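Student: Residue numbers (this note's numbering), protein chains in the order written: chain A, 4 to 296; chain B, 272 to 454.
Since the hints were derived computationally from the structure, they do not count as laboratory data.
Predicted model only: the values in this text are computed from it and were never measured.
Just so you know, even glycine gets a beta-carbon here, dropped at the ideal spot from N, CA and C.
Nothing false has been slipped in among the hints.
Label pairs and their calculated CB-CB ranges: (1) A125(A) - K290(B): 55 to 61 Å; (2) F368(B) - A26(A): 24 to 30 Å; (3) Q29(A) - S287(B): 21 to 27 Å; (4) C126(A) - K290(B): 57 to 63 Å; (5) S13(A) - S281(B): 28 to 34 Å; (6) D361(B) - C126(A): 55 to 61 Å; (7) I278(B) - A34(A): 35 to 41 Å; (8) T118(A) - N335(B): 37 to 43 Å; (9) P434(B) - E66(A): 45 to 51 Å; (10) Q29(A) - F368(B): 23 to 29 Å.
Chain B is nowhere near these chain A residues, computed Cβ spacing over 12 Å in every case: (11) I116; (12) D174; (13) S295.
Residue strings, one per chain:
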Amino acid sequence: MEEVKAYIESGILELYVLGQLNAQEQKEVEAMASKHPEVKQEIEAIEIAMEQYALQNAIKPSEGLGDKIFEKIGLSDNLEKAEPIVAKAVNEVKPTKEAVIIPLNTAPYESKIKTLRIALVACIALLVVSVIALYNAHNQLGSAKDQIAELNLNNEKFTSTVNFMKQSNADLQKIIDMANDPDWKTVKLAGTAMDPKAKMTVYWHAKGKHVMVDNSKMDLPVNDQQHQYQLWAIVNGKPVDLGVFDVKADSTHILVNMKETGSAAAFAVTLEKRGGSVNPTMNQMVVIGNVSI
Amino acid sequence: MATTKKISLSEEELVSKLKNRDTIAIQALYDMYSGALLGVISRIIEQTEVAEDLLQETFIKIWNSADSYDSTKGRLFTWMMNIARNLSIDKVRSKDFKNSSKNQDIENNVDFIDAQKEVTFNADILGIKDMVTALKPEFNDVLNMVYFKGYTHVETAEELNLPLGTVKTRIRMAIMELRKHFN
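With the rest of the complex left out, here is chain A (with noise of 0.2 Å):
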């Protein structure tokens, strides 16, 4: 007895209630308070004396303090207290939606961000993919209208080609008719002494008028471009112009309809001025022949 009263009045129980105790000092306090019923009584005593020195030096705060305060420890707690309540709810829905809004909120907006940025990834990759496409697309589209342009050209060709042959193939098919027709007259004009080699055919409609020149059968020297060929119908010892024609390397016609005449002894051509004249240069003719009958 007499020891725990000297450790009463050692004054530690005093330092005790007053914090000024280390961990250690503080475990030996509360042992010997738990062994002895008396320490444990005299410090409850000096604690209700600082307790209620304290309360009698008590100094009112600032109104409104509290509810700063429960405001700070509300906030804090309706937080913590949120789990809870979402366990309990009866309508799960609202509280769910308060208590995880944020977390909730974030990891979407996170995701939604990578996803946004994985399409827009696509989308250049995409882009690119289309502009090469596109180009690949544009020269076979310039290739293919050379091609196409190329394929008219021939197409054109052809086409002038069949004409040709057409035509030609009509002429042939005339002539032959020609030969057949007693109607038609075929004449050939021999080479005169201004140029022995040259010859021509000139076929002659006499009841139709018609009159032809066969430029198959035409072998006269080429005229140049202040030049050309006039054909002259000898009608009654005078001659009568049948138009003009030139002679060049590439007719298309095999054979080429001159004026009309319904009578004629000769028929002969002469190199005149381009456009012809109205009488024949004679010393110009180049070709003659007679009408047999």
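Use these hints to put chain B onto chain A, whose structure you have.
Tutor: Chain B alone, transformed into the frame defined by chain A:
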């Protein structure tokens, strides 16, 4: 929140509600002890604004560390008071507080000297002055330093140039005097 109707609960109820994180407990504690705790804090820090900030911190700490309170080791108020005192002493010793209140330090010293001469009294604690001043000056000094000014008993012994045992005895004597008044 609870300003209109004061809440008062028994210590047992308070402790169990506090540990169950029932907000009524903190409201009751505030109604019952905010003044007493502000009184304790104001002994250490005189600036009302800083003292009230510390009171706020004290209640938040009480709320957040309620689990660490062990009723077998002492009364709830003792635990709260020591939280308030420790926060206040930490504040006084913090660098920013020392820097911001150099002038007040001088005033504090003056107060302290005055207190030693038993002539200065805080108007807020007028009711207690008779009792404290009734203590013998040598008892009053040590209690002042340990309880009011936040000195440790070791620092007090050094400051007053007394043996540690004497300081302990004087603290005990001072509290014994208080007990006579309250018990």
